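Visitor: Chains A and B are the protein sequences, given in the same order. First residue of the first sequence: 62, per the working numbering; consecutive thereafter. First residue of the second sequence: 12, per the working numbering; consecutive thereafter.
Simulated from the structure, these hints should not be mistaken for laboratory data. Some clues are possibly wrong.
Taking lysine to aspartate or glutamate pairs in the EDC-like style, the calculated list, with each CA pair at most 16 Å apart, reads [said to hold, decoys possible]:
(1) K737(A) / E254(B)
(2) K123(A) / E214(A)
(3) K464(B) / D389(B)
(4) K737(A) / E176(B)
(5) K757(A) / D301(B)
Which chain B residues face chain A? A few, computed with CB under 8 Å, are given here [as the list claims (entries may be wrong)]:
(6) C38
(7) F42
(8) N45
(9) F223
(10) F227
(11) P244
(12) F319
The structure presented is a predicted model; accordingly, all values stated were derived computationally and were not measured. For glycine and all other residues, C-beta sits at the position ideal for the given N, C-alpha and C.
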Amino acid sequence: MSESLLINLSVAILFLPLLGFITVVILGKRFPKLYLLEVGIVSIAFILSLVVMFAKLAYFPKDIIAEFTWITMGSAPFAGSFNIDLGIKIDNITVMMLFVVNLISMLVHLFSIEYMHGDKRYTRYFSYLGLFTFSMLGIVLTHNILMMYIFWELVGVSSYLLIGFWYEKKSASDAGKKAFIVNRIGDIGMFLGILILWTNYKTFTFDAIYSQMAAGVMPFGSSAWLTAAGILIFMGAVGKSAQFPLHVWLPDAMEGPTPVSALIHAATMVAAGVYLVTRIFVMLTADAMLVIAVVGAFTSLVAATIALTQNDIKKVLAYSTVSQLGYMVMSLGVGAYAFAFFHLVTHAFFKACMFLGSGSVIHAMHHEQDIRNMGGLKKKMPITYYTFLISTLAISGIPLTSGFLSKDGILAGTLAFGKLTGHWLIPIMAFTVAGMTAFYMFRLVLLTFHGEPRDHHKYDHAHESPKLMVAPLVILAGLSIFIWYTPNPIGADAGWVLSSWIKTPAQVVPYNTRYEFMRPSTEEQKAEVHGEITHSVEYTETMHWAHYKAMFASLAVAGLGILIAMLFYLWKKVDVDKMIEGKIMNTLYRGSLKKWKIDELYDATAVNGTLQTGNGLSWFDQKIVDGAVNGSAWLTRFTSKLSGLFDTYVVDGMVNFTALFSGFVGLSFRKLQTGKVQTYIVFVVFGVIILLLLFKPF
Amino acid sequence: MANLYQSLELIRPEIILSIALLVLVTCDLIFHKNKKYIPYIALGGLLLTGIFVIANSGASGFAFIQSELMGKIGLLAIDNFGTYFKALIIITSILIVFFSFSSEEIQKITDRIGEYYALIFGMILGMFFIVSSVDLILIYLSLELMSLSSYVLAGFTKLRDRNSEAALKYLIFGAISSGLMLFGISLVYGLTGSTNLYVINMMLQSPNANLFTLAFANILIFAGIGYKISSAPFHFWTPDVYEGAPITITAYLSVASKAAGFALLIRFIKTTYVSFVDPVGNWQLLPVFDWKSVLIVISILTMTLGNFSALWQNNLKRMLAFSSIAHAGYLLLGLVVFSNGGMLAILIYFAIYLLMNLGAFLIVMLIANKTGSEDIDDYNGLGHSSPYIGIAMVIFLISLTGLPPTAGFIGKLYLFIALVDAKMITVAIIALLNSVVSLYYYVRVVKHMYLVKPEKEAPAVIPNLSDKILLTVLVAPVLLLGVYFQPLVDWAKSSLEVLGLM
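If we strip away everything but chain A, and leave its shape as in the complex, we get (with noise of 0.2 Å):
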């Protein structure tokens, strides 16, 4: 295979997904079977996904690169002469994730077919899939931020015609504007941060901006610029991939159709803000990174302890996603570039089975979301129930699954980071998460498939979903096996995907803003070429250091979490209800379940903030400005007679004139033209003879 059949072979992937929504969107009212061949342009596209990936991984260890020049300026004024290019890059982080893309957009698609039977605009929701699937693959295969930055957008266009998809309710049209709203917020601070590089490269590429970087060129000149850049191009990522403090939209976005919920706004589209942060891996310095960490790690905690307690089956989904997330931004911002990718990947394929798994529950139970009217589905639902059960062991973190290799590896990470830095927060908190989410996601799987049916008119009626439902389960309950990533089910190095697909790239900033295990150390690392050293000796021996330490802590808080989750929900030894009687435990509860009220907070300051403005000017317009004017002209009673008639001739006269200038200049244009040709000729003779006396040489 060569190098231009796998480019062309990637812009077809790029592009039968949007033949198919504008072919869908035009004749699908229309034809209604339409869908199917949506379905099948996914289908396709999947292959050639397939294809491109092994072809790529095998036989082209180099990244390829393919551009053309959209934009020549020669001058400009104010920016002088600059090209604009456009292109894909296809390296191997690329491949992977269009492997990913592909895979859930065609499953999920498949799943739909059965999900959505019977909707009135079943074609649109299809040709929507297909919008989505087209933006998400091209902020994969983009190799510049001009390109990203407009997929960006187009996937939040999709994302919210998705959530309101039935937009006859008001919760999910209000909830596709709020994801549509807050997205903005941090898209603001994305093209804050692509403005300063432009500025500075005047260039779009990522690749030629990292060179440059690499070559000692500063934002202005200061390498605090840098970290302000990484930061604002981070802030996109917050506000798409739901980080703290951006993170409400998301469970307000499980609104949309359950299938839906599994393709965005678990395994693709919230991944997006993790995979922009990959592309930006090398040009964050150690404080921005820090920042990342933070936030990352910060989102995660906030995240699981809601979900602790939440009732709604999507909801608790939705805050692990959260969680999830955060886990992979704090991955990125500790420096474990590979585990954080990996554990993207894992992610999407665990996360949309449990989406899917729960649509697959909620289509039984007649869209019922409320885990508290489950229980004891597992005989009815069996295969349902174990791609389910299968999913939670990954996500909890439990040998044998790929959730285990990739989380173990995060949390060695972040021990090691805990070690070289002293930021001890960062680890203490990634274990906690680890608790909780063992803890939630049991609470989950024992209130909706064990125990007794609380609601038995609903259970009686449950029944296992259609071929077409359970087959995307197991096939991605099949992926979350750790067979697929290693051959070492407690060693995800020794897999290939660690050891030769995901590399970590090395950094362009300066030795002095890295990290200190992200420099070279030895004087063997410094001797190699410059710029190729992605991680210190030291960094290197600590994680072998943390790795089985990680693993050991991090099985020892699953299982605590599991054991809790066993003892209040399985064995009932805990009255949970009792429990939470208590003055402490009832306002953590609460809390927890009001979602520390952060909505709320929102509403009260920025919401009613914004309103509250409006009104105060409307307010201070009405009673200030037009009492002064009152007042002032009722004391000024006799002088106002007067200003009065200046107010008629002279200012309302200027007001007039300028506004009824240009009117009036037309119509004296128009008068020109008489109609009569003779006057015509005079008005030419005269232009003549005015032109000669302007412009005569002397």
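Go by the hints and put chain B onto chain A.
Guide: Same frame as chain A, but now just chain B:
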């Protein structure tokens, strides 16, 4: 005429055109009962000419050498600059043939369709010669060839009184203008002793002519050209003729004959009055006449007059007539800069102007076919009843205003870049304010189409398949060039070269 063979080779497109013209006339005589095939013959002739125009790209040289005293100088200069405008003219002509297919007005005169196309071919031939001629006599002759054909075409349908009125006004106005121009040409000949632009340029390098007379002659010649590109104060015929002529011809006059006029103006000034082009691409003018001030005044006057007069028009054809006057003003700004950058802006702007202006006229025609009216009040509610037409019109109008993401923005962008580069900020601001004024009357149409409730139900204007395709052919590039314009820029860049002395 030793180089007759080489000369003929250089003017192959013109030869093909002449042959096609003869074939058209002959066919018209032979098939006087059934004229169905005439438009297809015309189309074939145009396509063939187009192929030869493309084949000629890259060719450069003088045809019909007149004098070899100071290097070879001929009657016609064949260069990439000319080829660019010839290509634009051919594209417009092909589109106009398709316009004529769907025009109701032209359907009604099917029995005279042969003459119609023969006259159009006469115009094209005239325009082709205008674009490349470098001799004042030939310039005058080809200008007349084009004008005489267009006088007849303006009143060709004879369906209403205003057709004949338009033709008569056009004729009288044109006669005066070409008379003035001829007077100017005779003065220049008297001053320099030559009608060839290159020779005149050389004579003016060491001026001993009377500068006042030269200025007079220049203004007179500009009167002739200004009438073709409808720049103030020679634009008075435009609204009346545009309103009275059949829409196909109005659209044609507003694009093709303007293209020829601009090509002539650029070539005339560049060949006659530029002493050399410096490495950065700025043109050094001969110090004999202040073209720069003249053109600044005229271009600002033209765009202001056009835009402000358009504010009050209720007839769409008349409004577009004033809008095309305003666009002539913008285009002149590109020349005012006297640099390659400015010329590049003109070339880009014109290609884009071609698409968006023809598109707007096409929609006016489709609506007039259905409703029989071009009045803005008859557009009320059309956006809702005829979505395809409505959306396409909005795109064209946005592009005419010069807003992104349409091609019109790119045209204006390059124009303003050229102005700012030349440090003519004041002029740029005036042009920008003019754009703001133009927004009013363009958006007014959109308002009527979408926001004003019609008194009775708005008629649905559903274009048939061929019209839809034609519309798409015009809409798609307007949108596409708004985001990916590099190919057009590259083409225009390669067409900057005006033939110099060998």
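Visitor: Looking back at the hints listed earlier, which ones does the structure fail to meet?
Guide: 2, 6, 7 and 8
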